[in-house]
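2 protein chains.
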Amino acid sequence: MIDTLQDALGSSIVLTDEDLVAGYVHDEAEWAAYGRALAVVRATSVYDVQQTVRWAIEHDVPVVPRGAGTGLSGGANAVDGCVIISLERMNKVKEINALERLAVVEPGVVNNDLRDAVAKEGLWYPPDPASAPWSTIGGNVGTNAGGVCCVKYGVTRDYVLSLQVVTGTGEVVRIGRRTAKGVAGLDLVGLMVGSEGTLGVITEITVRLRPLPDPPRTVIGYFDSIVDAGVAVREVAAKGVTPSALELVDRVCLQAVDNYAHMGLSGEANVILIGEVDQPGDTGVRESQLLQEAFTAGNATFVAETCDPKEAEVMMAARRLAYPAMEGLGDLLTEDICVPKEHVPEMLRRIEVIAAECNTQIANVAHAGDGNLHPLMITERGDTAARERAQQAFGRIIDDAIALGGTVTGEHGVGLLKMPGLAKEQGPHVMAMQQAIKKALDPHGILNPGKVLPVASPTGSVL
Amino acid sequence: MIDTLQDALGSSIVLTDEDLVAGYVHDEAEWAAYGRALAVVRATSVYDVQQTVRWAIEHDVPVVPRGAGTGLSGGANAVDGCVIISLERMNKVKEINALERLAVVEPGVVNNDLRDAVAKEGLWYPPDPASAPWSTIGGNVGTNAGGVCCVKYGVTRDYVLSLQVVTGTGEVVRIGRRTAKGVAGLDLVGLMVGSEGTLGVITEITVRLRPLPDPPRTVIGYFDSIVDAGVAVREVAAKGVTPSALELVDRVCLQAVDNYAHMGLSGEANVILIGEVDQPGDTGVRESQLLQEAFTAGNATFVAETCDPKEAEVMMAARRLAYPAMEGLGDLLTEDICVPKEHVPEMLRRIEVIAAECNTQIANVAHAGDGNLHPLMITERGDTAARERAQQAFGRIIDDAIALGGTVTGEHGVGLLKMPGLAKEQGPHVMAMQQAIKKALDPHGILNPGKVLPVASPTGSVL
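Chains as they are written, first to last, in full-length UniProt numbering: chain A, 1 to 463; chain B, 1 to 463.
Think of the hints as simulated: they come from the structure by calculation, not from any bench. Some hints could be false.
Straight-line C-alpha distance at most 25 Å; calculated BS3-like pairs for lysine-lysine [as the list claims (entries may be wrong)]: (1) A:K239 <-> B:K310; (2) B:K120 <-> B:K424; (3) B:K152 <-> A:K120; (4) B:K152 <-> B:K120.
Based on the provided sequences and hints, a complete structural model is requested.
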């Protein structure tokens with residue numbers, strides 16, 4: 001069956017060799033299940049994507065789009081019998097327009113490559129997930145990726161103006177606009193962003209850009225306890241400061257980073273907060289002052305400001321290296337809850353309690369300034385009992401986040417891992433609205449089925 | 001039939017008196033058709049709304065939600081045999097939370113009332129349509145309203161975190177979140193914003209807030225021709241300035257404002273640009289300087305900066321009064337195109353050509369900084385031939401905006417007046433996607449039918 005697709009597009013585009021296909025069947029969500037794929041289509045053009053989707057409709061085969069596979073929720077994992085569409089070869093920056101402050105890119109452009117290209121024009125593409133050196137804009141759009149700067153500058157959806165999409169009926173459409181404003185019809189672009197490949201395959205993206213920000217002032221705080229750091233985060237919000245970054249790294253992560261990159265940070269503090277403010281002039285000075293006061297109000301044991309970019313970069317590098325550094329410690333189950341800022345200290349306290357009660361090591365990194373916490377459950381590889389306890393902790397953290405008015409996923413997406421959490425958070429009526437939209441835009445049920453939303457049976461009920 | 005609804009909710013809520021109903025059957029789009037309504041439900045609670053929608057489903061009666069009726073596209077106009085749901089009495093500000101920077105409001109809260117309420121806490125709700133003294137947040141959300149500040153601070157959709165909605169199946173749901181970030185499921189909030197009552201009836205809104213901005217520097221430019229002013233607008237973008245306002249008012253409007261409010265502006269200039277920058281300190285000084293240079297590059301005959309809030313307010317008042325002042329001149333047909341910034345001079349030139357060729361007086365006000373132009377076709381009341389010429393001009397302006405890569409509606413919404421333009425702009429496949437979503441969320445076809453999208457026949461084709 002796959003032969004007809006291979007004949008149409010060529011064997012350099014449609015890979016069926018098992019070893020090659022194996023490299024594409026899952027993302028970086030270690031705990032998420034994945035199935036066997038028939039083939040990988042390494043698309044080079046919208047034509048390849050459209051032909052694949054039309055072939056998939058004809059043969060009733062699921063398609064799973066993917067970028068670099070750096071996702072942490074299993075959204076790009078193969079489902080049995082699927083064709084994976086990899087967009088990595090569609091990696092051209094087609095236009096950078098300084099006057100309109102926009103760029104047009106293919107989905108396989110790596111986030112940092114776009115950022116570097118526009119920086120040459122004095123422009124900035126803000127969304128900066130920790131995966132920015134590897135992840136692609138297409139994947140970022142599919143998951144509505146966040147990052148460090150979001151606390152001030154918003155997430156991927158805030159920067160997507162227009163998309164070219166291959167739809168669930170195999171048409172190539174252009175949605176959105178190039179203009180600064182526009183209210184023509186329903187917001188199909190916003191709907192497509194963050195839909196994790198369940199509503200269409202994105203083949204071109206027009207993003208908004210901003211001018212490069214002013215160099216930040218960086219404020220570091222050391223804390224004895226994670227709850228103290230949480231209190232400082234709440235104080236930042238209470239004082240009305242808008243930091244351009246406010247990150248938390250705990251002792252377990254600091255030690256892992258020390259082992260990984262020999263930075264010598266873990267001797268200094270149990271928990272660090274790294275804050276940045278980037279308003280110019282006296283306003284920036286005042287904001288930095290307020291940030292320092294907020295850290296002090298959270299019982300910081302040490303607070304300092306630096307305007308030395310190198311020193312600031314060392315601190316932020318520790319944050320960025322946390323995840324790769326931790327991977328050496330065992331199997332990681334990554335949480336991604338987001339709670340209202342006022343409840344950050346309480347949520348961090350509850351995570352400590354859950355760690356103790358579930359006898360599970362939980363490390364913490366966080367985009368703390370917007371309440372987006374990433375507790376990381378670490379278990380020794382092969383220890384089944386520990387794994388079960390970690391899974392229990394994962395579920396309890398989700399329940400507590402919902403109880404505090406939060407959400408089960410701040411930026412990683414639902415994928416497979418957060419499907420039970422999504423249904424708990426949103427309830428049956430909101431789930432039904434989403435199922436109805438899914439069925440409307442994917443009438444053949446071929447677009448990444450079984451991700452985000454449960455597969456609906458032909459009669460409309462949920463299997 | 002309507003008696004059963006009146007019995008259920010009471011005759012103070014369900015109005016059927018013809019004279020009273022007549023006050024609710026159209027918005028301010030003078031040229032848009034409207035039909036006869038069975039009744040107006042002046043809802044006081046989500047219960048009233050839900051009961052009305054359930055009754056409407058049972059009796060196959062269209063419901064048309066409306067706020068203050070200040071719309072300019074006919075989106076809130078009655079369709080024959082409908083029940084109008086007026087949300088004006090649901091006007092409580094339920095919560096202002098400075099720490100989370102959000103407010104929770106009922107849909108009938110007047111925009112300026114919300115702005116005043118949050119200003120007391122040092123906070124700011126940016127979206128500021130010219131109708132802000134009268135229009136409601138619910139209406140603003142329904143149309144994704146824009147305004148003067150959007151050029152820097154974005155539109156209504158950028159500020160809506162969460163909604164309570166009565167759905168097309170009569171359920172009360174809560175969509176979105178209270179947290180700063182979140183990617184749980186499809187973006188139902190973004191979809192609902194700007195859907196003009198076609199996907200649900202909004203009964204509660206949670207909006208993001210910002211800190212109050214710094215006082216702006218205001219730069220005024222006088223120009224002999226509107227194309228010169230357009231060149232200045234393009235130069236502002238080319239220089240990479242981010243103004244917090246950049247408004248255009250032409251001679252016809254200035255004279256109307258003079259007659260209306262005796263401000264004496266029209267003796268000074270043919271066209272004025274009013275720019276604001278609000279970055280603090282030296283950055284603001286530099287931005288103001290760049291704005292002045294851009295105006296000069298557009299052949300301004302006079303350029304001046306003022307930091308006197310009173311003087312700045314006079315200029316901005318002239319902009320805000322333009323529409324009410326013009327209403328005295330005759331019938332107004334209001335355009336709302338938005339074009340890429342680089343094409344602002346060319347679009348303004350084409351509007352001049354169209355005015356001459358169609359022998360129609362066209363005045364211009366514009367949110368020029370984001371390319372959102374409001375050419376206003378003025379015709380003497382009762383002059384049918386002039387009206388036909390104006391309608392021809394309206395159509396040609398839409399065609400030219402599309403040809404220049406623009407959109408048919410920047411901020412007013414599609415309603416009735418822009419339905420042909422929407423179909424032209426987006427083409428059949430994108431229209432079909434929207435029809436599919438409409439059918440998914442409004443399976444009974446009762447939610448403001450015949451607005452934005454043509455009514456689909458039961459078999460799926462478009463009548």
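How the hints compare with the structure:
1. Of the pairs offered as hints, the one joining K239 (chain A) and K310 (chain B) is violated, with about 30 Å between alpha carbons and a cut-off of 25 Å exceeded.
2. Among the hinted pairs, K120 (chain B) with K424 (chain B) is inconsistent with the structure: their alpha-carbon atoms are about 45 Å apart, more than 25 Å.
3. A C-alpha spacing of about 23 Å is found between K152 (chain B) and K120 (chain A), which places the hinted pair at or below 25 Å, so the restraint holds.
4. Annotation: proposed proximity of K152 (chain B) to K120 (chain B) holds, straight-line Cα distance about 23 Å (limit 25 Å).
Taken one by one, the earlier hints fail for this structure at numbers 1 and 2, listed in ascending order.
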